[in-house]
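Protein chains in written order, with this note's numbering: chain A, 4 to 423; chain B, 3 to 304.
Please keep in mind that the hints were generated in silico from the structure rather than gathered at the bench.
Incorrect hints may have been included.
Computed list of lysine to aspartate or glutamate pairs in EDC-like fashion (alpha-carbon distance at most 20 angstroms, straight line) [claimed, not checked]:
1) A:128 with A:165
2) A:187 with A:31
3) B:163 with A:406
4) B:163 with A:328
5) B:51 with A:278
Residue-level listing of the chains:
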Amino acid sequence: MTTELVRLATTGSVDDGKSTLIGRLLYDSKQIFQDQMDAVEDASRRRGTDYVDLALLTDGLRAEREQGITIDVAYRYFATPKRKFILADTPGHIQYTRNMVTGSSTANIALILVDARNGVVEQTKRHSFLASLLGVPHLVLCVNKMDLVDWSEDRYNEVVEEFREFATKLDIHDLRFVPVSALKGDNIVNFSENMEWYRGPTVIQLLEEIHVASDFNMIDVRFPVQYVIRPHRNGFHDYRGYAGTVAGGLMKPGDEVMVLPSGFTTNIASIDTFDGPLESAAPPMSVVLTLEDDLDISRGDMICRPRNQPEATQDIDAMICWMAESPGMQAGSKYEIKHTTRWGRAMVNDLQYRLDVNTLHREEGPTQLALNEIGRVRMRTTTPFFVDDYRRNRQTGSFILVDESSHTTVAAGMITGKAT
Amino acid sequence: MTVTHSNHVKALEAESIHIIREAVAESERPVLLFSGGKDSALVLRLAVKAFYPARLPFPVMHVDTGHNFPEVLEFRDRTITELDAELIVASVQDSIDAGRVVEETGPYASRNRLQIEPLLAAIQQNKFDAVFGGARRDEEKARAKERVFSFRDGFGQWDPKNQRPELWSLYNGQHRQGEHVRVFPISNWTELDVWQYIRDEGVDLPTIYFSHQRKVFERDGMLMAESAFIERMEGEEVFEAEVRFRTVGDMSCTAAVESPASTLDEIIAEVSVSRITERGASRADDRTADAAMEDRKRQGYF
Ligand SMILES: Nc1nc2c(ncn2[C@@H]2O[C@H](COP(=O)(O)OP(=O)(O)O)[C@@H](O)[C@H]2O)c(=O)[nH]1
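Full structure from sequences and hints, please.
Spelled out as structure tokens, the structure:
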């Protein structure tokens with residue numbers, strides 16, 4: 004049996020039915036255990052709901068239960084015979100943009116919900132924009148609560164048209180639509196008998212079929228050195244291996260490689276793992292490389308191909324999502340920056356514009372970026388980083404900023420070309 | 003040795019190895035918490051793989067409740083010897099003897115909560131700043147939201163409302179002196195993934211995971227092992243049954259399930275069709291309240 008790992012992110016505005024949809028996916032794909040179900044039935048009864056509220060299945064921490072909303076990214080797991088899914092469940096309220104950004108950062112597929120009665124609302128646009136900004140390769144729009152619009156094909160088509168029109172402004176490569184009723188289970192796992200006009204796949208079929216194998220960059224060889232392995236034990240005295248996770252491209256023993264920042268070239272001698280040497284390595288494998296020449300290489304260095312290098316730069320242009328309460332990000336502020344396995348310090352030179360995530364309007368020359376705001380910045384770093392455009396490689400195109408005194412993560416960054 | 007895992011398990015393995023290397027590269031004094039249970043056995047296995055051919059670059063710590071299954075202690079010692087690793091034992095009994103914690107009494111007495119004190123004391127004493135644990139997000143609701151690199155303040159506490167954003171595979175383990183991070187490399191594995199991997203890799207486990215005859219008694223619908231560590235109440239008759247354990251913990255709060263499964267294949271077949279979570283089935287400690295785990299975690303629990 005060979006199954007693929009697929010990462011999903013779900014969002015929707017409050018009450019669009021996201022929790023119900025997830026509960027339904029888990030329930031209908033038989034991922035709900037009896038004791039969890041008993042707890043949910045219990046809780047539903049205590050709250051006086053007359054049906055089993057599947058939304059309660061995915062309700063997490065105590066504070067959230069009290070407020071009746073989800074306030075952090077929570078991860079859920081379910082599987083079909085073909086795939087195993089990791090679902091990042093993120094709340095849709097504007098306050099939680101940072102959670103949405105977090106959940107989308109690793110997602111292959113974004114599942115976005117709209118209420119068929121309301122159609123595309125401001126929040127739908129925001130969620131879709133964030134999914135596209137974070138480079139989620141596939142987007143599925145679930146038009147929910149079809150039962151409340153009499154299962155109307157016309158209404159569904161209106162919503163689809165409305166969304167398509169808006170989506171032309173975004174960078175979305177693969178866009179799908181499904182009419183559903185999360186509450187009744189129509190077109191989630193089982194086909195709807197109420198919407199015979201719809202001939203497309205159910206949500207679960209889509210999740211099973213969408214082609215994700217090419218979501219990784221298999222072209223540009225990128226190997227950020229994570230850890231240097233020196234065994235100091237019998238049989239391995241001269242062994243010097245470079246452990247890391249392949250961030251792009253296909254590597255084979257014998258390949259000529261270049262090490263940055265030194266610029267020296269050598270060849271791959273072997274690709275080692277605990278289970279024996281490999282004939283090739285590609286994302287997302289974790290391996291150890293040995294090289295033919297003894298070079299001075301340490302954590303944070305980047306191994307690539309001489310004819311295909313990332314850009315080595317101390318000037319970084321990026322879209323930033325600011326994730327800290329206060330203070331906001333301002334021109335002149337300094338942070339620690341982590342990109343792949345490399346740390347350095349960065350100073351914000353220029354806050355170019357702030358993006359209104361609802362209208363995509365650019366506000367030029369803002370004084371700061373506050374919590375949950377997104378903007379375009381130019382930074383100068385103390386040491387060169389080896390970067391690619393985020394659109395080309397999510398691993399080598401992303402970074403985080405860390406506050407120098409509290410050490411918390413304050414921003415997520417996506418590297419882009421220079422601002423025009 | 004070549005093992006063929008399904009692709010999703012390979013992807014999970016790669017992610018876990020990445021996390022372990024990252025934590026070790028960015029901390030001064032890492033340590034791995036080892037209970038002898040299957041999840042910590044898995045983390046240990048992945049850690050060995052992460053640094054091969056070098057030796058495990060950190061010690062292993064067991065928080066010893068003093069109420070262990072003898073089979074688990076035997077397994078712990080055997081594993082440590084085979085790996086030639088360093089073992090640190092943080093003892094609940096020592097904390098009780100020193101008066102730092104008070105033993106619970108009565109039939110529901112458990113040393114589960116008492117583990118927090120010796121655990122945090124050992125972390126502080128040894129100046130550990132990255133502490134590996136085997137928690138999984140599919141285990142429990144509070145865990146579902148916890149970060150892979152989970153920050154702990156100077157008191158070892160977790161603040162679920164104030165977690166660091168964690169994006170891509172860019173983990174932030176930075177902290178001030180006296181603070182630490184808990185690192186959960188198998189966050190994204192499910193119970194079934196763990197069992198399949200253990201089977202495919204031939205990872206060794208304590209014998210109590212496999213079906214055996216044992217003296218048990220029934221309490222609150224669960225089968226508890228008869229032992230000197232648990233006080234029986236009126237009417238709790240001891241009988242012999244064919245059981246195994248789905249999790250490994252303190253003898254006073256870990257229940258057995260009736261099962262004939264004596265091989266990994268049989269266990270996997272059982273887990274695949276099971277309708278009850280492993281914690282629901284066998285952890286008396288989580289049944290007390292809906293938010294029991296969250297409360298314990300806030301105070302510094304695993
Ligand atoms: N009629 C109808 N109600 C739904 C549907 N999906 C969700 N709901 C209801 O809408 C409300 C909000 O759903 P919930 O899943 O909690 O929304 P969330 O805030 O997006 O997680 C609840 O009362 C649900 O029962 C649907 O398909 N049809």
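Hints and how they fare:
Taken as a hint, the residue 128 (chain A) and residue 165 (chain A) pair is honoured in the structure, with Cα atoms around 11 angstroms apart against an allowance of 20 angstroms. Between the alpha carbons of residue 187 (chain A) and residue 31 (chain A) the distance comes to roughly 11 angstroms, so the proposed pair stays at or under 20 angstroms and holds. Our distance criterion of 20 angstroms between C-alpha atoms is met by residue 163 (chain B) and residue 406 (chain A), whose separation comes to about 18 angstroms. Restraint check: the Cα-Cα separation between residue 163 (chain B) and residue 328 (chain A) comes to about 13 angstroms, which is no more than 20 angstroms; the hinted pair holds.
The hinted pair formed by residue 51 (chain B) and residue 278 (chain A) meets the criterion: a straight-line CA distance of about 8 angstroms does not exceed 20 angstroms.
Going down the numbered hints, you'll see the structure goes against none, and every one checks out.
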